[in-house]
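Colleague: Residue numbers (my numbering), protein chains in the order written: chain Z, -3 to 635; chain A, 5 to 476.
Derived by calculation from the structure, the hints in this document are not laboratory data. The structure displayed is predicted, hence computed values, not measured ones. Some clues are possibly wrong.
As the list claims (entries may be wrong) - Part of the chain Z face toward chain A, derived, beta carbon under 7 Å:
| # | residue |
| --- | --- |
| 1 | A598 |
| 2 | V599 |
| 3 | G602 |
| 4 | K603 |
| 5 | L605 |
| 6 | S606 |
| 7 | K616 |
| 8 | L617 |
| 9 | A620 |
| 10 | I623 |
| 11 | L627 |
| 12 | A628 |
| 13 | S631 |
| 14 | E634 |
Think of the CB as a built atom: it goes at the ideal place given N, C-alpha and C, for glycine as much as any other residue.
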Amino acid sequence: MTTTAFTHPSVLAAVLTALPPFLAFVLIMLFLQRHRVLAAALAIGTSGLSLCTAVYLLVRHGSGVPAVQYQAEWLVSGNIKISAGAVLDPTSIFMLCVVTVICFLVQVYSLGYMAKDPGFSRYYAYMAFFEGAMTALVLSPSLLQLYVFWELVGLASYLLIGFWYEKFSASEAGKKAFVMTRLGDVAFLLGMLVLLSHLGNLDINELNSAGVINALSPGVLTMSVLLIFGGIIGKSAQFPLLTWLPDAMEGPTPVSALLHSATMVAAGVFLFARLFPLFSASSTAMSVCLAIGTISMLLTSTMAMVSRDIKKVWAYSTISQLGFMIMGLAAGGFVAGTFHLTTHAGFKALLFLCSGVFIHHYNTNDIFEMSRMGAKSLKIPMFFIIIAAAALAGIPPFSGFFSKELILMQLSGLDNPLWLAAGVIGAILTSYYSFRLIFILLRPGANMGAADRSIRTNSNTHGHHHDSRSEWLMGLPLLFLALVTVSIGFFQDQFSHLLSPEATADAAHAAEHISWLPFLAVGLCVSGALWAWVEYGRRGSAQIGIAERLPVIRALFAERWYMDKIYRWLLDHVIYGGVSRACATNDKKVIDGSLDSFARGAVDSGKILSKLHMTNIQAKLMSAFVIILLLALYSFFEA
Amino acid sequence: MNWTLFQPELYYFMVVMVFLTVSMLNSVSVKTNYYTALISAVIGVAVCTMSLRVNGTLFYNTYRVDLYSQLFKLMLAVGMFLVISVCNKLKSVDDSRHPEFYLLVATATLAMMMLTSAVHLLTIYICLELSSYSLYILVFLRKDQETGVNTALKYFLTGASASAVMLFGFALVYGKFPSIYLADLVESIPRFIDQPSVSIGMLLMLCGFFFKLGVFPFHFWLPDTYEGSANETTTFIATVSKVAAIAIMIRMVALIGGNSVYLIKVLIGISVITMTLGNLCAIAQQDLKRLLAYSSIAHAGYVLLGILCMSPNGYTGAVFYAVTILLLKFTCFMVVISISKKGESPSVDQLAGLHRRSPLLALALMLALFGLAGIPPTIGFSGKLLIFTAAMNNGYFLLVFIAMVNVVISLYYYLLVLKAAYLKEPVDDIQPLHVPFPQKVLTTALIITIVTIGIFPTYLIDLADAAVKYLM
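If we strip away everything but chain A, and leave its shape as in the complex, we get (with noise of 0.2 Å):
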């Protein structure tokens, strides 16, 4: 066995181990939990871009490593590092609950890289599960337990349902063909893909992810978590684990969708619904994080859209939208920890006067929004370009003519946004915001990535396109 293949896994599993000795101290301070954890995840990034080309499979073929799990687990690695990075001062987690927190960040981080690379039902399961429970305790884990337990419960509560759901469907298909392992159900999914037992079991099973994505209708969830959690949390939920959600989606789609017309019939109904659904809920949000949210559920919709196509084209689209959602997304949530004084859920009206307040964060901000919204020339533009067309090259117009009234609905809220952070006038407090150095850099780096990508995205749409033929 060829322990190099797992070496990625290996580490994150060594930085789990380090932080779950450190949470049984009581000596170390907040300061060296936060160092400690920053260096691990930028190591961790290293790590995985060293091991981004290599190939094979492991632990009896449940296992696969290639570009394309490498590709995830490095956007998980850096989604993480950015996760981290915004953790300086984790004001609405309990000081002595630190390193339970980055324990489990580092845990669910574990659990997502594994998954990307599992291609055998129970491994799946098993990933998505420990991914999940990791985030149960995360959402918990926060200063107002009251909230904590409420909105934690509430999360568990949909995530166990839809987990039913899937282990249902993993019975219904293991039924029918006696395999678990995904190489064997590529083979014979396509054969009995009309039978009823067949699509229903795919349809089921494909509700876990629904749930990871935050696809209706299991995106229920979505807008109490990301407003009831602590808002590093949040940002963790709203970027790694939906990079993690798209990945997975991907792999099962691709591998044994087999182009069944029900299947595609039925996404498509859903990815009209997401997106409908979430850009309308959206308008009418004051809270930001909730607005962020069903943003987030609007963007599953397009995603959705491109993994429907089920052709290399929507595939590539949906690998580069995952890494415009990881890195806008991002973007967006640093604002909000920023802004946010006492880590409370920030309302829009916050913003007020953001851009004097700090003019680096409301240009951050402002690109952000826009590459949300899928205006030239950011990265949001791109994953929106390469979406939309291959669903043209597949023939739905209709569909892609709804993503883009979507589009326009959504510029509305953007916008809305935008004019708090820049028209706004603030009602008292205009002292400047605090900006740390390292943040600033930060920033500036993030601006210069969404721009740079947004015009030359040929670098990554390449590198989307090799991972994506390793999917076949």
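The following block holds chain Z by itself, in its conformation from the complex (with noise of 0.2 Å):
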């Protein structure tokens, strides 16, 4: 399992996988910021670098070689060994294909999408530094390395998010961002020092062997896997930390695509994937789990219904859909929450470029504004958003379908049916809040008077204008998405079996018992989409949801269930005006107070001092008789 030697073809290759973006970085911060052409070439090339060596990978281990460990100890402190390098077993080789993937496709969309923008070479650097952490994300072996990582793609997220730092909202949204998953990932470092005092080891092969697992009390273990899932709580944006995620919208839409929805955010369901084993051992941690995922999912479906936002509809979409995979791997379903993560980054990425598409061609994210400007027009575009969507609903025979119903098939495996009761409504709501955009954009109607003139991007400044050779660059990618979509969901059966093999005879095993459940799935979205059709696709229809018709309702839903006035009232009044306020006036007084006394007191007692060092020479050699007559007498004491 553990090899030593750099040799090995698999390690050499994941080397080339994370390492050359990192480069890239570098090169482009350095030296080509002002050369676009060489920038966009050398981020490209390094990202298509990483491609092929992940493909090879795939391929390679795909076939039957066995997963390869790769690690050099890096930090020894007593019995703590932290150790560096790369895991290469199914699990790592899936996500880092998917990373590159979609890396890929995203920097080549992204060719058409930032061409006039000012900042391009800063954007590719930023994309190759992300692609790089993300991709020796995956691929570590330890926890720490992991943790590591992991923050350096919060820095890049931080920094995409704020990419046109110029606009107050976007700097604003980019710290937001940092700050929110910041809290989670200081859960995240608790439960790892928790882990690392109790078993002086963050090896994740080991985390989740049986022996150590069998050697941690519950009640240790129940706590460090919460802690834990906190750091994913953060990264996903799940409850309650989510409302971060809309607002990171304020970043370029490639970069949505890219961190804000297929990959960065689907680290932390990644993160509970790589440490499965050890998740399941705590039973209690799984429930909570399921709930928060629960939770999450459905709170996000509710606010993407009203949403206008195109992007943010998408993006509440994809915190319910990390919420429904945390739910299937809660759930116990490994294989059902990873290819749900497999099949979202490729449809949720699709929505994304294609949604980037219209805000490029009509610079508006309203989705109201784009249907008036005749959105149907733009033919290909609205063909590729509608099998994405249908995706999204989880219609037959696109990818989503697939996914969906293993994890309602998970669910239904539990004892209690609530939890499948709540997939089924979520399943409804998101078959909903998608086709009601399709719906929207595909038939301009009368609500236009209500037009939300604050969700325009006003990005006049990066001049988004069109021309032929962007939008061909643009809708490649498109393609080779929708390609994926349709038919990623019949490679079910091969996905399960590399990724899990007894897994796969599980599933087989459930799937006898409920026949019924494809059926149910299938009919769950057809009503859902029935539902948009009718308040919004019928000739007629008025164009306004059941959920905007209440306007308590609607406002409880477009305010996020007001957590964000929650979280501000929380921060004025216990962070900044209890705690902070609290350190402020021990930093003014006890410290600054005791060290600017003590500084006084040593000058003042220097002064003294060398006054008294100011005396003829008889007095000075009296007291040195006298100190000398008393340490001889002091000797008698002593003796």
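These two chains come separately, so use the hints to put the complex back together.
Modeller: What follows is the structure, given as structure tokens:
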């Protein structure tokens, strides 16, 4: 399992995947700030190299080469050992492929989308940095290494959200994302420290082994797992740390596609899958995860029902789908969760990239506005976005159907039918809001007056001028992703077999029990779509959703269940008003005060002492003799 | 009798004779004097280096030549070379007195060299007095007669009192054990260490060295002498003389200290008071040389901390610290000499604008002060680390803590000096400081040495370790 040689072809390939993007980042930042073409070529070139090596790894290990782990000791302190290296097992290789494919496509797409942006080179530098950090995260064999790159992707996210930093809301959103995810990361770090103090080791393989899990007392196990789950909550924007993700849509759309839907936010789910055996060992923790996933999924589905901003809808949907993945994993469905992660990455990236085309073209984020300006005349993106929305809604034969059904199946296996019910409701809502958006785009309706000016992208400074070449560049990735979305569902069996051979048998076993589930799934999404059709698509419909008819509900959903308001209040009154103030007072009065008085005391006593030294020689000699005499007398007491 | 063991001392005796002759002639120019002194100092360093590894005893066992003494002799020779190298102007000494100046410097160095080898109470006494008397006259030797007399008299009175106390201590010990060979005392003292006459005798004996090193309560002479004597003389006292004092202190304590609880307690008290007093007083100083004098007192406290551990590690630390003081203090005084216009004692404010007048000197000053404060990667950090580690190993946690607090206090006034050199705008003259080329080379070499030994102290530590082995 563990190899120490660097000559192993898989290890070499892993190094070639993770290292070049970092080099590209450094080179672009240092030398290529003014060379747009070279910068983009370098970033896309290294991304292509990463993609090739990732595919090579997939093919190599897909055809039966056993998992490989390379580690070198990085830090040794007492009996605590921290190693660094790369692990190549099915989980990491799949994630690696997802990351590199989407990175590559998004970077090609950005050639068109960002063509006229003054920060073009900087954009590609950040993108390369993100890719390097994300691949290294995926390859990490130890939690600490994973944590390091986890923070680095967080940094990349911060930089890219605030990419248009001259826009106040963008830099604010970047800060918000950074701080909120950091809250989760603190929990993650604490969880790691708990594990480290009990095991002296953070090797993921060892953490997942039965021996180590048995060595921990149940309380410690649950605590550490829940703390680590805190990190997942932050990164995957789950309840209660979910409000940063919709705001993160301030970044360029390709960034949203890459970081804030397909890959970076999925890192949380990936971590869950990575530590799946450890998480599974604590049933309490699994229940908490299940509950958090469910709450996040339902809450954000409702938010998506009323949003007019196309990117916000997909952002809410991302949170909801991540919650759905966590539900699947927490219900014990390792394959279900990871498979949904994979399919979701494909269709969500497609959704964002298509939306990017619309935003690029009409210079607005408001779906009603777009529709009024004739969104349906953009035939090709319209076609692709419908495919992607269908996949999101879970309509067969698109990829979302297969993965969603897997998760529902897993939920149906739980004792409490409540979880399945929640999943069902979630599926209906998902279908509803996806088709709501599609129907709005397709049918310019009567609801124009209320066009919300506030969500227009004010990107005039970043001139979205379009020419045929840039649209062609933006079209190719769409085509590829659409192909993936259509086809990947049919590879479900191969996927689950590769990922975990035992689980396939279980799944097949379960499928026999509930043969009606596929029909339920199809029924759900069709009913959701029909609902949307009735309210938005039907000729003569008012295009006002059921949630929008009740002002209270509408406000509740649109204000994100007042979560931001509550956080603001807590921040103002508890953190700033209480904790910060106490700390500041302590700093000023106690710490500064004591240091100042110490310093003043030192200076004053120095002045007094040096004045004493100004006397004449007789006094000095006398005092010297007296002191020696006293010291001599002291010997009688000591002896 | 093997005269090769006595080579360095013979060589310096010869140098003394040369300058004695020169001082009786009238025709020798200032330049010739300087270069003669410089060349003889360089040869002296070579002679001491050659005889580094010789070993043996001389003069009926009153004189021991071993790696320990030879290492210190080398340091003294280097110190003398450094001091003479900055004597090219010798502004505050009358031109006709230059030969006498070199004569006395060489005599003092010779006496100190013999002090490091002396293992016989009378030999020690004679060497100590010889070096002290040379210094008394050196202090007196300056153009401004009134200041010279004043300062020299104060210095002499304190020194004479300290010698008297020391002689009294010798008498007490001799009265108890009719022997003045350290080798005999080593055997007898531990058995009677708890008797007041022995322990008090030991304490009084050490007073002579306290005076040399500037340890409380015999530190009073330091600020006055530093301020009042010629800058070059001060440099000599602050570097070479301190090294010799450390050498003999370590030997005395190592040989006859005998782990006396009383002595250790007294030394702890003296060490704490010395470093605290030195650092606190230094804060209030306006005169640069007075400030450095109090800093010297504080450093004497740190050295004492290493010595009172009475363990090989502590002695190694103290030996290392002697090198530290030699290099760092010399660098500071070199700057003092350079910025002093007519040989007067410069104030801290006079440093203003130094980084523009001479960036090299400012850099050297910064590194030296950082070294004195114990900031890595300078040699001063390694020195403090060794001493503090030794003390911690002996369980003197509180002592180390007090020393740490002292280091923080000392940082304050060192940074005040740096602030003057780097941030303060000069009032009037900002013309560049003329630094002759040889001095530039010397300064660069000092900078490199301070940093290099700070990063790779192993060689020097090993050497000090090996030297300390000969003590036991």
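Colleague: None of the hints should be skipped; say for each whether it holds.
Modeller: Now for the hints, and whether the structure bears them out:
1. A distance limit of 7 Å between C-beta atoms decides the matter here; for A598 of chain Z the minimum to chain A is near 5 Å, and the interface restraint holds.
2. Annotation: V599 of chain Z was flagged as interfacial toward chain A, and the flag holds, the nearest CB pair being 5 Å apart, inside 7 Å.
3. Taking 7 Å as the C-beta contact cut-off toward chain A, the hint placing G602 of chain Z at the interface holds, the least distance being around 4 Å.
4. About 4 Å separates the beta-carbon of K603 of chain Z from the nearest beta-carbon of chain A, less than 7 Å, and the hint is met.
5. Among the interface hints, the one on L605 of chain Z holds; its C-beta lies about 5 Å from the nearest C-beta in chain A, closer than the 7 Å criterion.
6. The restraint placing S606 of chain Z at the interface with chain A holds, with a minimum CB-CB distance near 4 Å, inside the 7 Å limit.
7. For K616 of chain Z, the shortest C-beta to C-beta distance to chain A is roughly 4 Å, which falls under 7 Å, so the interface hint holds.
8. Interface hint status for L617 of chain Z: upheld, as the beta-carbon distance to the closest one in chain A is roughly 5 Å, under 7 Å.
9. Satisfaction of the interface hint for A620 of chain Z is found here, the shortest Cβ-Cβ separation to chain A being roughly 4 Å, below the 7 Å cut-off.
10. Taken as an interface hint, I623 of chain Z checks out: its beta carbon lies about 4 Å from the nearest beta carbon of chain A, inside 7 Å.
11. The interface hint given for L627 of chain Z holds, since its Cβ lies 5 Å from the closest Cβ of chain A, which is under the 7 Å cut-off.
12. Taking 7 Å as the C-beta cut-off, the interface hint given for A628 of chain Z holds, the closest approach to chain A being about 5 Å.
13. Against a cut-off of 7 Å between C-beta atoms, the interface hint on S631 of chain Z holds, since the closest Cβ of chain A lies about 5 Å away.
14. A cut of 7 Å between beta carbons decides the hint on E634 of chain Z: the least distance to chain A is about 4 Å, and the hint holds.
Every hint, counting from the list given before, is met by this structure.
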